[in-house]
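If you read the protein sequences in the order shown, they are chains A and B. Going by our numbering, the residue at position 112 of the first sequence is 112; the numbering climbs one at a time, nothing skipped. Going by our numbering, the residue at position 82 of the second sequence is 82; the numbering climbs one at a time, nothing skipped.
Among the hints, a few may not be true.
[Said to hold, decoys possible] Covered stretches of chain A (chain B as the covering partner; in silico rule of three or more C-beta atoms under 8 Å from a C-beta of chain B):
no., segment
1, 7 to 16
2, 37 to 48
3, 72 to 80
[Stated by the list, open to error] Label pairs and their computed distance ranges (CB to CB):
no., chain 1, residue 1, chain 2, residue 2, range
4, B, Asp-314, A, Ala-43, 20 to 26 Å
5, B, Leu-233, A, Glu-111, 55 to 61 Å
6, A, Ser-108, B, Asp-327, 20 to 26 Å
7, A, Ala-92, B, Leu-233, 28 to 34 Å
8, A, Arg-87, B, Thr-226, 27 to 33 Å
9, A, Arg-87, B, Glu-409, 36 to 42 Å
10, B, Ala-341, A, Arg-87, 56 to 62 Å
11, A, Pro-72, B, Thr-226, 47 to 53 Å
12, A, Arg-87, B, Leu-233, 22 to 28 Å
13, A, Gln-66, B, Asn-447, 21 to 27 Å
Read the hints as simulated data drawn from the structure, not as lab findings. Built from N, CA and C at the ideal position, the CB exists for glycine as well.
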Amino acid sequence: MSKRVLIADDEPNIVTPLEFLMEQAGLEVRVARNGHEVLELAAAFQPDLILLDVMMPGLNGYEVCQRLKSDPTLRQVRVLMLSAKGRDVEVAKGLELGADAYITKPFSTRELVSKVRELLGP
Amino acid sequence: MSPGKDLLITALRPPLIALAVVLAVAGITWADLAPAERATVVKVLTVPRLALIGLLTISALALLGLHLHRVASATRKPALRIAEAIGLIVSGNPAHRVTPQGTPELRAIAEATNELAALRARLLADAQVSIAEAKARIEEEKNRFAALVSELDQSVLVCNRDGRILLYNAAVSALLVSSSQPDGMPALGLGRSVFGLIDRSLILHAVEAIETRRVRGEHESAHFVTASADGRLLRVQVAPVFAGGSDPSAVSGKVTSAARAMTGFVLLLADVTETIESDARSVALFQDLVEATRAAIASIRVAIEALIEHPDVDVPRRDRFTSIVQDEAVRLSAHLDRLSADVSERLRRRWPLEEMRGVDLLSLVSRRIERRNGVTPRMESIDSNLWLRVDSFTLAQALSSLAGRLRAEFSVREVRFRLHAGGAHAQLDVAWTGVPMSSETAFTWQNDAFTLGGEDSPLSLAQVMERHGGEAWYQRDAPSQTNYFRLLLPLASEHAASRVRQWRPSRPEFYDFDLFHHSNATDALDARRLSELSYTVFDTETTGLDPVNGDEIISIGATRIVNGRLLQAETFESLVDPHRAISRASIEVHGITPDLLVGQPTIGQVLPRFWRFAEDTVLVGHNAAFDMRFLQLKEADTGVKFQQPVLDTLLLAAVVHPSEESQALEAVAGRLGIPVIGRHTALGDALATAEVFLRLVPLLAARGIQTLGQARAASEKTFFARLKY
Chain A
1 MSKRVLIADD EPNIVTPLEF LMEQAGLEVR VARNGHEVLE LAAAFQPDLI
51 LLDVMMPGLN GYEVCQRLKS DPTLRQVRVL MLSAKGRDVE VAKGLELGAD
101 AYITKPFSTR ELVSKVRELL GP
Chain B
1 MSPGKDLLIT ALRPPLIALA VVLAVAGITW ADLAPAERAT VVKVLTVPRL
51 ALIGLLTISA LALLGLHLHR VASATRKPAL RIAEAIGLIV SGNPAHRVTP
101 QGTPELRAIA EATNELAALR ARLLADAQVS IAEAKARIEE EKNRFAALVS
151 ELDQSVLVCN RDGRILLYNA AVSALLVSSS QPDGMPALGL GRSVFGLIDR
201 SLILHAVEAI ETRRVRGEHE SAHFVTASAD GRLLRVQVAP VFAGGSDPSA
251 VSGKVTSAAR AMTGFVLLLA DVTETIESDA RSVALFQDLV EATRAAIASI
301 RVAIEALIEH PDVDVPRRDR FTSIVQDEAV RLSAHLDRLS ADVSERLRRR
351 WPLEEMRGVD LLSLVSRRIE RRNGVTPRME SIDSNLWLRV DSFTLAQALS
401 SLAGRLRAEF SVREVRFRLH AGGAHAQLDV AWTGVPMSSE TAFTWQNDAF
451 TLGGEDSPLS LAQVMERHGG EAWYQRDAPS QTNYFRLLLP LASEHAASRV
501 RQWRPSRPEF YDFDLFHHSN ATDALDARRL SELSYTVFDT ETTGLDPVNG
551 DEIISIGATR IVNGRLLQAE TFESLVDPHR AISRASIEVH GITPDLLVGQ
601 PTIGQVLPRF WRFAEDTVLV GHNAAFDMRF LQLKEADTGV KFQQPVLDTL
651 LLAAVVHPSE ESQALEAVAG RLGIPVIGRH TALGDALATA EVFLRLVPLL
701 AARGIQTLGQ ARAASEKTFF ARLKY
């Protein structure tokens, strides 16, 4: 059974090619457009990994991450934060709130894919 | 040996010698006699003869006594007079002289004394002149310094070690008065505590930091940012003032530096609200730029890399990814355009434009083009009232370069200036007569960087105009063959023009360096001299004369005396709504009708303000007991207690002129030669009372009343003090 990835971003211009890349990498993909949708899909779709944007309408990525990690049924989901916020304090905040990795936009897609594989494990 | 004894012996010497000779002759003769002869002599000396001898001896002694008396009166009295005269010369009147009297020796002494006294008088006079000159020099320097500080745009406050304000300039009042207490009461004033304006702990911390650095021999100033009462941000720089600054060894070296005593500090204040807000906006702008760019490039990169990694992607996806790239690139461009417009607008505003009279700018430009470009400038029509906001240096460069090029390429020998207001801008025309210029040339000239002799500038006229937020263009008036470049330049704000015209006659009252020598703290006020205390001289107007039965204050006026100077610029004046009727009799006195008081603050609002104004000073009033009664009856309602000592000029006038019938303010002022203007307004009476008080202080001192305690004791003893309200 293929692993599941949830892409959480409100920006269709990045969601579309990301979705394509993840499918090409053999993953099952769903997309969430805002923070609340992420939490709903996290419970319904049961992803193994969430690609989480920080700047989203409604709940932002930090809050979503915090809620996921404090929910016993969801805390095992891997979270990879993708953000245009690249200051060291912002990276530190993301990791402190429970993200498993933090990648600053823009990024190399090849690196992203290998990071995703690394987080998903064998 | 005392001079008196000496004199007595000199006077007695001749008769004593005579007596001694007589006794010696008698003795020798007696010794020389044979026993028989001695018996004869004894026989001869019968009782009657002995009586005769005794009588003669007594007469001789009487004569001797008379002689002695004459000698004494001829020498002792003049000698004592000389001694008294010397005493007078030394302690009281250096111009006093001895009248030569008595013996020639005494006359000689008297004359020598007079010479000595004359010499001393000359030396004293010389010393007085030197002291007066030195004082005048110091006074002049102080005034020059104060004048300099008062004209600075920078806000300057000088305080002594206790935080008492010794000097402040107009810029400080502009900065702090609006931002002081919520009720608008300025706590800025000479002799007041700076801690009422700026948090004590911040200043003390800065002073401590300075002390620490001094010990290490480092830079001796500190700064902090604090918020004013109305929420503006003030940057405060603290620099220490040391005693004995003229000691050259104290200028450098940490040992001497640490040894100097800090006698006060200078505070330089700046309103940095806008700077800080602007910096914060710049940071936010930058942040925004970074994040938007990252997000856009992230989308572009993912789309492009997806296409590259998967060249076999289906056509709809390919089209979708390509359009993402284009879409994001367009969005990014638009974002950058918006941002750069914003940034350049901010840069333009930050460009150091100075406010300058248009005429002054043109005369500067004229001198430059005449000297450097050999072009004759002429003022054709100039509005001399216009004030501009310009960078005069680059603007002069631009115009000079323009004139140089006109001369080189169009052989122009004369340019004419015209300056007028045109809407929100000033129109500056640089005109010349001659052949028309093509629009291409005009455009090139505006956009070429200046070349000024050897100087190369990176700027063009267009850029200079952009910095001014202005515009420039070429125009031609064909009938008159006049060509001109018209420059639109920003006008200065209204207040810049008015600031220069407005002079402050009250300037000298902004400083008082004698406060440097004061230490407020511990000495009991009663022991302090009247001449060195700070006073609030006040007066009230009331609805009537009976506070106990409900009469109320309707006006309070006050002024301050610091170091013997009446500070006309620091006054307090407020009407008070008494919420009751005013008696007809009192309206006739003060002329305040009820309609004037409607909507004025209540006594509960005014008294706390007045209390702040009078804080740390001795209260002075004419018939102060009357006013104090009104204040005391309000203590319970307002919670404001006036606990400082009170002096009453009515009682003090009675101390000085006890036999005068009237001690009313007008009568006292008249006696002391003070014209009373604006009487029966609270402030007018307070000012008159202050003048009276200042004249009374030296008169009291002449009666041995020098301290506050003595003045209060003397007041209590006067007849008037026994009348109770």
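Status of the hints after comparison with the structure:
1. A count of 4 residues in the segment 7 to 16 of chain A with a Cβ less than 8 Å from any Cβ of chain B is obtained; the coverage claim is therefore met, three being the minimum.
2. Given as covered by chain B, the segment 37 to 48 of chain A fails the check, having 0 residues with a CB less than 8 Å from a CB of that chain where 3 are the minimum.
3. Residues of the segment 72 to 80 of chain A with a Cβ under 8 Å from some Cβ of chain B number 0, which does not satisfy the need for three, so the listed coverage is violated.
4. A C-beta distance of roughly 33 Å is found between B/Asp-314 and A/Ala-43, which places it outside the suggested range of 20 to 26 Å.
5. Between B/Leu-233 and A/Glu-111, the C-beta spacing of about 45 Å breaks the proposed range 55 to 61 Å.
6. Evaluation of the 20 to 26 Å hint for A/Ser-108 and B/Asp-327 yields a pass: the beta carbon distance comes to about 21 Å.
7. With their beta carbons about 29 Å apart, A/Ala-92 and B/Leu-233 fall inside the hinted range of 28 to 34 Å.
8. Checked against the given bound of 27 to 33 Å, the beta carbons of A/Arg-87 and B/Thr-226, roughly 29 Å apart, stay inside it.
9. A/Arg-87 and B/Glu-409 have their C-beta atoms about 55 Å apart, which leaves the hinted 36 to 42 Å range violated.
10. A hinted range of 56 to 62 Å is violated for the C-beta pair B/Ala-341 and A/Arg-87, which are about 25 Å apart.
11. The beta-carbon spacing between A/Pro-72 and B/Thr-226, approximately 50 Å, falls within the hinted interval of 47 to 53 Å.
12. Judged by the Cβ atoms, the range 22 to 28 Å given for A/Arg-87 and B/Leu-233 holds: they are separated by roughly 25 Å.
13. At roughly 56 Å, the beta-carbon separation of A/Gln-66 and B/Asn-447 lies outside the given 21 to 27 Å, and the hint is violated.
Comparing the model with each earlier hint shows violations of hints 2, 3, 4, 5, 9, 10 and 13; every other hint is respected.
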